[in-house]
Amino acid sequence: MLLAQLRRIQVVIKTEVLVLPSRIAVMLFALFLLTVPFYWPDPYLLRILTLASIFAIFAASWDLLSGFTGQVNFGHALFFGVAAYCAALLNLHLKFPPWVTVPLGAVAAVGTGLLVGIPCLRLKGTYLALTTLSFPIILMGLVFAFPDLTGGELGVSGLSRLAGSRVGEYYVCSVLMLGAGFLMWKIGDSKTGIIFHAIREDELAVRTAGINTTKYKILAFCLSGFFAGVAGGLYAHVMRIAGPSTLEVSLSFQAVIWAVFGGMVSIYGPMAAVFILFPLLELLRVVPQLRNLAFALIILLILLYMPEGLIPWIRDRIEKLCPRCKARNFTRRSHCRICAAHMH
Amino acid sequence: MRRGVFLAAAAWVWVLVSMAGSGWGADEIKVGVVGPMAFTQGEGHWNGATMAAEEINAKGGVQVGKKKLPIKLVKVDSNEFLNVTDATNAMERAITYDKVDFLMGGFRTEAVLAMQDIAMEYKKIFLGCGAAHPELCARVAKDYEKYKYWFRVTPINSTFLVKVDFLLLEMVAKKMATELGISKPKVAIVAEKAVWADPIVNIAQENLPKMGMEIAGVWRPSPVATDVSAELSAVQSAGAHIIFTSFSSSVGIPFAKQWGELQVPAAAVGINVEAQKDGFWAATGGKGNYTLTMNTYARVKMTDSTIPFFDKYKERFKEAPNYTAGTYDALHILVQAIERAGTLDSAKVVQELEKTQYMGGAGKIVFSKDHDVTWGPGFVTAIGTQWQDGQNLCVWPDGWQGIKYEGCVDYKIPPWVRAHYKK
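These protein sequences, in sequence, are chains A and B. Per this note's numbering, the first sequence starts with residue 1, numbered consecutively. Per this note's numbering, the second sequence starts with residue 345, numbered consecutively.
For the record, the hints were derived by calculation from the structure and aren't laboratory data. Glycine is no exception: its CB is placed at the ideal position from the N, C-alpha and C atoms. It cannot be assumed that every hint is accurate.
Unchecked claim - Straight-line Cα separation of at most 30 Å, BS3-like style, residue types lysine-lysine; simulated pairs:
#1 B:490 / A:95
#2 B:601 / B:518
#3 B:492 / A:95
Unchecked claim - Which bits of chain A does chain B cover? Going by a derived footprint, with three or more residues having C-beta under 8 Å, they are:
#4 44-52
#5 148-155
#6 241-248
To be verified - Reference listing, derived: stretches of chain B covered by chain A, where coverage requires no fewer than 3 residues with Cβ under 8 Å from a Cβ of chain A:
#7 424-430
#8 456-466
Start from the sequences, fold in the hints, and give me the full structure.
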């Protein structure tokens with residue numbers, strides 16, 4: 001039984017993964033993440049990778065809503081902050097452990113997705129972006145208005161650790177990141193994902209085809225809210241504090257920067273961007289005076305020469321589409337791996 | 345193509361290697377100075393610690409048992425105003441990569457709370473020199489074993505800051521009564537629209553009538569307002585004799601400038617962080633004359649070390665020290681504790697830090713049971729400083745609890761206020 005399962009996995013790896021360089025890269029990256037504590041248990045490195053995993057979920061969740069569905073959200077920190085505060089309050093006052101508070105925080109973020117999604121349904125483009133921008137600012141006002149509950153400017157601190165050790169925290173976050181990333185990618189690739197795509201391209205046409213776009217747009221808000229909420233809950237327990245910084249406008253814009261840098265409408269693009277940019281910002285601590293300037297310059301240069309984002313740019317150079325069946329193939333192949341059509 | 349992949353791989357390995365940690369040897373004592381280094385608060389942290397480290401190293405270093413070890417400062421840019429996550433990463437990097445032995449600094453409370461947790465996890469002594477919130481020390485009282493490595497050196501905690509704020513107001517009210525015959529002054533509360541100022545506004549509204557004063561109204565301009573003439577006109581129309589200010593941001597400059605230009609017949613007293621800086625006089629074109637603000641340092645003899653510290657700092661950095669420069673005292677306190685303990689072991693140094701009786705630049709520093717700096721007569725009091733013809737002079741304590749620091753001068757009611765009410 002076990003042997004059969006292993007053989008099946010082997011076949012899938014051979015026929016589905018090893019055939020494309022991008023999939024090999026993802027597999028190697030996942031292997032790297034899962035093994036790094038064995039040969040490099042440096043707490044600082046693990047902290048950076050833990051936080052990068054959390055923000056990767058957050059950035060991909062923005063892509064799911066704004067990239068796939070075209071519902072541009074400039075206030076994505078709302079989901080993150082709601083889940084962080086919810087997880088923090090449940091942990092601090094009701095002593096719920098992180099494995100309960102993180103999912104409940106994500107559910108709260110889904111509720112917030114509904115609350116935000118419904119009034120925003122009639123809005124599009126700039127109007128939607130500006131309206132969504134206002135929600136975390138409103139919540140920030142409420143946080144300061146009820147300091148007895150929310151801790152005001154201090155936030156809610158003294159939370160339980162996500163796991164008993166740094167390595168434990170790292171594994172919880174990285175495994176959840178890999179799982180959430182895979183799920184979001186599958187959603188984007190599913191029938192629902194195709195409808196999300198279609199809504200972005202031409203909502204009227206989708207409605208004319210008899211599809212209830214309202215339902216799908218709310219679904220996109222809820223799904224995106226859920227994953228951003230998971231990230232928010234994890235963040236609160238890793239940092240052991242949920243404060244006003246989880247609702248800051250700058251955090252919302254960070255998600256946009258990550259997604260645009262890595263390549264929108266891909267899920268893995270924004271996630272890869274976080275794993276490049278987050279450690280890069282740490283690396284630039286060697287030039288403290290120029291740190292932010294250098295960081296901004298790198299992003300600008302990448303976007304100038306790779307307007308579709310870094311990851312699609314790389315992918316397009318190592319893989320190409322089959323002219324007949326549109327399947328992806330390694331550039332060196334002479335014939336399509338699916339339909340055997342000539343590639344040149 | 346291959347070259348590109350190779351370069352990308354090399355860059356990634358460089359990222360990882362640079363994170364993998366360095367730091368070696370126990371032939372020096374590494375002290376991490378944590379602060380927002382791109383801002384004046386972080387500069388204060390770094391400058392104060394630099395001055396102290398130079399003095400200590402000039403004397404041969406720190407006597408640890410039989411060895412003399414020099415101090416090496418590590419600049420830890422927390423970027424905490426902009427990014428709390430960044431601050432915690434900086435803290436972790438300082439401890440694990442730079443291998444600092446001790447830490448001092450911090451400013452934004454939310455960030456300091458998160459950084460405090462990391463320092464305590466590694467059992468690293470962290471001397472707070474910026475965040476005033478009581479919660480940081482309340483944690484020591486709640487869970488001593490975990491948080492005993494935290495001490496606050498500066499500023500006094502926010503509860504006491506508010507007390508000093510009201511003592512300054514009381515001093516001005518008394519002066520108005522004795523010199524202008526205004527026995528029940530009307531007070532305009534003008535506080536920037538910021539969270540930290542909310543409790544001060546509430547306490548003022550509750551307590552001013554009990555203090556024998558009348559409230560003329562409450563005005564809350566934006567912290568970054570560039571024009572507050574409307575508020576000042578309203579204050580004047582309300583017949584206020586005193587303006588009780590709470591400004592930590594740039595609004596303190598236009599307020600003081602327009603207050604002087606419009607010659608609003610009300611004395612300004614309270615907190616105006618901009619007025620604590622040397623550049624205030626030039627920024628207001630001298631119109632901020634007679635502004636009174638709470639402060640930490642002035643060229644007065646709070647202790648024997650205040651004036652030498654003040655002069656040396658000003659000579660070296662061409663500006664008066666702000667309160668985050670309390671890292672100067674923090675480093676001297678730490679060094680004394682290490683020398684008494686004869687070891688760098690954190691737990692033993694904590695025991696010695698708890699016995700601290702140090703005459704610092706801002707007063708005598710003694711730690712309370714929850715490791716907070718003690719406030720009150722004979723300890724750190726904070727001071728009130730008033731701009732008088734281009735100089736920021738100490739005017740408080742003016743005999744409060746029998747204290748008047750040598751070098752303090754009398755508070756002056758602005759001449760146009762005096763002229764208005766003497767008519």
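*Does the region 241-248 of chain A contain three or more residues whose Cβ lies closer than 8 Å to a Cβ of chain B?*
With 4 residues in contact (Cβ-Cβ under 8 Å with chain B), the coverage given for the region 241-248 of chain A holds.
*Could you grab the alpha-carbon distance between residue 490 (chain B) and residue 95 (chain A) and see if it respects the 30 Å cut-off?*
With Cα atoms ~19 Å apart, residue 490 (chain B) and residue 95 (chain A) stay inside 30 Å; holds.
*Within 8 Å of chain B's CB atoms, at least three CB atoms from the region 44-52 of chain A: coverage verdict*: holds (count 5)
*With a Cβ-Cβ cutoff of 8 Å, does the region 424-430 of chain B contain at least three residues near chain A?*
holds (count 5)
*Are there at least three residues in the region 148-155 of chain A whose beta carbon sits under 8 Å from a beta carbon of chain B?*
Holds: 4 residues of the region 148-155 of chain A have a Cβ under 8 Å from chain B.
*asked:* Check whether the Cα positions of residue 601 (chain B) and residue 518 (chain B) lie no farther apart than 30 Å.
replied: With a Cα-Cα distance of about 25 Å, the restraint between residue 601 (chain B) and residue 518 (chain B) holds, given a limit of 30 Å.
*asked:* Just to be careful, I want the Cα atoms of residue 492 (chain B) and residue 95 (chain A) compared with a cutoff of 30 Å; is the pair within it?
replied: 24 Å, holds
_Claimed coverage, the region 456-466 of chain B by chain A - three or more beta carbons nearer than 8 Å_ = holds (count 3)
In terms of the numbered hints stated before, the structure departs from none.
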